[in-house]
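A.B. asks: Chain order of the listed sequences is A and B.
First residue of the first sequence? That's 1 in the numbering used here, and the numbers climb one at a time after it.
First residue of the second sequence? That's 325 in the numbering used here, and the numbers climb one at a time after it.
I should point out that these hints are in silico values taken from the structure, not numbers from a laboratory.
Hints should not be assumed to be uniformly reliable.
[As the list claims (entries may be wrong)] Chain B regions said to be covered by chain A (calculated; three or more residues, Cβ under 8 Å):
no., segment
1, 377-389
2, 602-613
3, 652-662
Positions of the beta carbon are idealized from the N, C-alpha and C atoms, including for glycine.
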Amino acid sequence: MPVRRKIFVLVLALSAALALTAVAYAGNGGFAPATPHSPNARRINDSYVWIAIFTGAIFVLVEGALIWFVVKYRRRGRARTAEGPQIHGATRLELIWTAVPVLILAAIASFVFYKLPGIQDVPSAKAEGGPLVVQVNAHQFYWQFTYPDGQISIDELHAPVNRTVRVDITSQDVDHSWWVPELGGKFDAIPGHMTHTWFKADRAGTYRGRCGEFCGVFHAAMKAVVDVQSQTDYTAWLATANSTLGRGEWEGSCAKCHGLQGHGGFGPNIATNALLTQRQGLEQLIRQGRNEMPPVAHGWSDQQVRALLAYLKQGVYKGTSSGG
Amino acid sequence: MQPYRPDWRQGRVMGWITTTDHKRIGILYIGTSLIFFAAGGILALLMRGQLAQANEHFITKQSYNELFTIHGTTMIFLVVVPIFAGFANFLVPLMIGARDVAFPRLNALSYWFFLFGGVVLYLSFLAKYGAARSGWYAYPPLSANMFSLGHGQDLWILSLHLLSLGSLLGAINFLATIHNMRAPGMSWMRIPLFVWSIEIYSALLLLVLPVLSVGLTLLLLDRQVGTHFFEPQDGGNAILYQHFFWFFGHPEVYIMILPAMGIISEVIPVFSRKPIFGYKAIAFSTVAIGFYSMLVWAHHMFSVGLPNFLNVFFMLSSMVIAVPTGVKIFNWLATTWRGNLIFDTAMLWALGFIAVFTIGGLSGIFLAAFPVDWQVTDTYYVVAHMHYVLFGGSVFGIFAGLYYWWPKIFGRMLGERLGKAHFWLVFLGFNLTFFPQHLLGLLGMPRRVYTYSEHGLWQTYNLISSIGSGVMAIGLLLFVVNVVQTSRKGARAVNDPWLADTLEWFTTSPPPPHNFDRLPYITSARPLRDLRRRLAEASG
Numbered sequence: 001m002p003v004r005r006k007i008f009v010l011v012l013a014l015s016a017a018l019a020l021t022a023v024a025y026a027g028n029g030g031f032a033p034a035t036p037h038s039p040n041a042r043r044i045n046d047s048y049v050w051i052a053i054f055t056g057a058i059f060v061l062v063e064g065a066l067i068w069f070v071v072k073y074r075r076r077g078r079a080r081t082a083e084g085p086q087i088h089g090a091t092r093l094e095l096i097w098t099a100v101p102v103l104i105l106a107a108i109a110s111f112v113f114y115k116l117p118g119i120q121d122v123p124s125a126k127a128e129g130g131p132l133v134v135q136v137n138a139h140q141f142y143w144q145f146t147y148p149d150g151q152i153s154i155d156e157l158h159a160p161v162n163r164t165v166r167v168d169i170t171s172q173d174v175d176h177s178w179w180v181p182e183l184g185g186k187f188d189a190i191p192g193h194m195t196h197t198w199f200k201a202d203r204a205g206t207y208r209g210r211c212g213e214f215c216g217v218f219h220a221a222m223k224a225v226v227d228v229q230s231q232t233d234y235t236a237w238l239a240t241a242n243s244t245l246g247r248g249e250w251e252g253s254c255a256k257c258h259g260l261q262g263h264g265g266f267g268p269n270i271a272t273n274a275l276l277t278q279r280q281g282l283e284q285l286i287r288q289g290r291n292e293m294p295p296v297a298h299g300w301s302d303q304q305v306r307a308l309l310a311y312l313k314q315g316v317y318k319g320t321s322s323g324g
Numbered sequence: 325m326q327p328y329r330p331d332w333r334q335g336r337v338m339g340w341i342t343t344t345d346h347k348r349i350g351i352l353y354i355g356t357s358l359i360f361f362a363a364g365g366i367l368a369l370l371m372r373g374q375l376a377q378a379n380e381h382f383i384t385k386q387s388y389n390e391l392f393t394i395h396g397t398t399m400i401f402l403v404v405v406p407i408f409a410g411f412a413n414f415l416v417p418l419m420i421g422a423r424d425v426a427f428p429r430l431n432a433l434s435y436w437f438f439l440f441g442g443v444v445l446y447l448s449f450l451a452k453y454g455a456a457r458s459g460w461y462a463y464p465p466l467s468a469n470m471f472s473l474g475h476g477q478d479l480w481i482l483s484l485h486l487l488s489l490g491s492l493l494g495a496i497n498f499l500a501t502i503h504n505m506r507a508p509g510m511s512w513m514r515i516p517l518f519v520w521s522i523e524i525y526s527a528l529l530l531l532v533l534p535v536l537s538v539g540l541t542l543l544l545l546d547r548q549v550g551t552h553f554f555e556p557q558d559g560g561n562a563i564l565y566q567h568f569f570w571f572f573g574h575p576e577v578y579i580m581i582l583p584a585m586g587i588i589s590e591v592i593p594v595f596s597r598k599p600i601f602g603y604k605a606i607a608f609s610t611v612a613i614g615f616y617s618m619l620v621w622a623h624h625m626f627s628v629g630l631p632n633f634l635n636v637f638f639m640l641s642s643m644v645i646a647v648p649t650g651v652k653i654f655n656w657l658a659t660t661w662r663g664n665l666i667f668d669t670a671m672l673w674a675l676g677f678i679a680v681f682t683i684g685g686l687s688g689i690f691l692a693a694f695p696v697d698w699q700v701t702d703t704y705y706v707v708a709h710m711h712y713v714l715f716g717g718s719v720f721g722i723f724a725g726l727y728y729w730w731p732k733i734f735g736r737m738l739g740e741r742l743g744k745a746h747f748w749l750v751f752l753g754f755n756l757t758f759f760p761q762h763l764l765g766l767l768g769m770p771r772r773v774y775t776y777s778e779h780g781l782w783q784t785y786n787l788i789s790s791i792g793s794g795v796m797a798i799g800l801l802l803f804v805v806n807v808v809q810t811s812r813k814g815a816r817a818v819n820d821p822w823l824a825d826t827l828e829w830f831t832t833s834p835p836p837p838h839n840f841d842r843l844p845y846i847t848s849a850r851p852l853r854d855l856r857r858r859l860a861e862a863s864g
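Generate coordinates for the entire structure from the input sequences, incorporating the hints supplied.
C.D. replies: Shown next as structure tokens:
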């Protein structure tokens, strides 16, 4: 009787799993990493599928054997004293189930190593005149991108389509991790340490990225967008980049805590705080932080501070409140 | 006949506080760990409540970060590691035919370190700015003064120091006991496989806990004295801490799974009415896992940007561990083959262990391949993997052990009806909670986010996961009901209710303070079965 109940629950669990699978296939998501749009990400997915073939087979073997034995050798009313055959082991079997996994792991490792250079090594991209190099500086809680000619953008990385882009990643405060699933894996942003990755997006469009290493209270809000454009759009954007810097800084590094209008949220209301217009006091505060406020402007250039100040005066500061 | 009633069952509080009896300390360990299990479980339910829907506001971001930090710390340091110390305390002397552990007073000290370590951790919620909120691994610079204000982090370090000290003393005690106090005839190839697992559990604790203590002490110095060991802007190195932490942290995973595997290796043969298949293979695979576990730590650091040869080394060493783990699973399956399988609750948990731990082991192979790890690390995929191993593995093993040894520990049989309902609800709830998390990780959901704005599949999987956690909670409540009912009117247990193989079933249930009046001859790894056969031959 317990066996019948067991089979019933098993059927229930299986149908739940089937339903789940159906839902997942309908949405086309969740059974492999995100659809790749860069050669490195594609090779990671190939490795994933290769490993899934072997592990899938082992899964079916082990769970199949388990269910088969459970059904076949169940008690069926035998006394507890009824013993099975007293078999203590079999050396040959032990050798087989040690050696076969070794071979499977060797097959998995070989394939991964075969794919590895295409994932890890930044292509020399001679035909394009070498990779485009973008510096990624991670801060609590935003991404800062510096382009070869010194332009800066916040939380939004612009890149030309079909062009090899190398990203050099570091952090200005705590550990973060650069991750745009469709364009490759995670690489940590660690202060005092530089990591590299690359991508070559095969399609124009926007790709969403997220911070992959827990970095504090706004970790969930630390998102990035990679805006892949045609070469002409990219060049045009570069020319205007500096004019939107102040606003980007406000939205990326201030507004997540203080609100888009500066009326407060996690951080206090600053829209009417005169400090916003005082270069010296403001600069010291944002470069060094205070209490719960992180040093958001750690490592900023003079030009960046000026851009923020200009935007604050023009777009955020509402004058002192009537009370004082 | 009045069952044997040891004097410590008379309900004297002082007796419990001053005890040095390994059995009472074992019960204290198990009881305290189960209370912390409930506390850590409540933290997890709060998190699943917060994540049940997109853009939920049930919990604030700071509180959420405290929740997952203390949840992880609780489950690892206050539940799984100490509950196995509890099992080991109660069982190791009984299993090897000893009177007590080697150092009974040290043993009591270990327990009190553990209890007060836990109390410090939970009281840290009352600190200014709240409890620690930089994850159970507390990476600097996030755990440094500047980014973790208040004393929550310092109290967390203090708590871990106390817990480590307790575990270290316990480990020394178990090693001394197993090496020196085995009964005549109890050779290394005859000790129960659970004792083998405690041998390796203790050896690993002894080898890796000091490394954690060093890392935490340096972190404390950075926070309180103004040193710069891990502060890059002053010439320190943030990655160094990660090496300290994971050199401890990965063996810790095996510290938490090997005793569960030891329990499974005891339960499956008894309820299959067969000897364990490949005793030596299982014993040696335990040793092999222990050895390799100290060579794999940097697979937690694949995304740090280590030199390629290190990534390759740690990928291969991590994959190698799959081999001895596979050996165990195949041997357990072979043990059930042609057996007389009795599906008592303990056996259900053991079979459930094989079913779900296999999934956790296989998902680990994806994580070992470092380019794939770059995609899935620090996502919900890892949360799923790790819970399949630590819940589906360790906790299923713990429940198998509780249902199996409860009669020996307390002299009453846990109820089978409630036990089975407990198992099936937790089994179902567990898979509902954690299987969708693999898919969430692959969809791109990072770990440790207090909320998400995506709808569609993200929302569906998260909701399923949260519902599953509720189903699990109901199952776990049934265990509490079962314990209460059993203590009131559970059936009295005879010495050896399961017709088991090992020495602890030779004495009364519960055992007297001195454990054994005398011991049977030990001529194999199954002295009790030998004894039953000798008696059967003598009588007829």
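A.B. asks: Evaluate each hint against the coordinates.
C.D. replies: Here is what the structure says about each hint:
1. 377-389: Held - the segment 377-389 of chain B has 3 residues with a Cβ nearer than 8 Å to chain A, which meets the minimum of three.
2. 602-613: holds (count 4)
3. 652-662: holds (count 8)
Comparing the model with each earlier hint shows no violations; every hint is respected.
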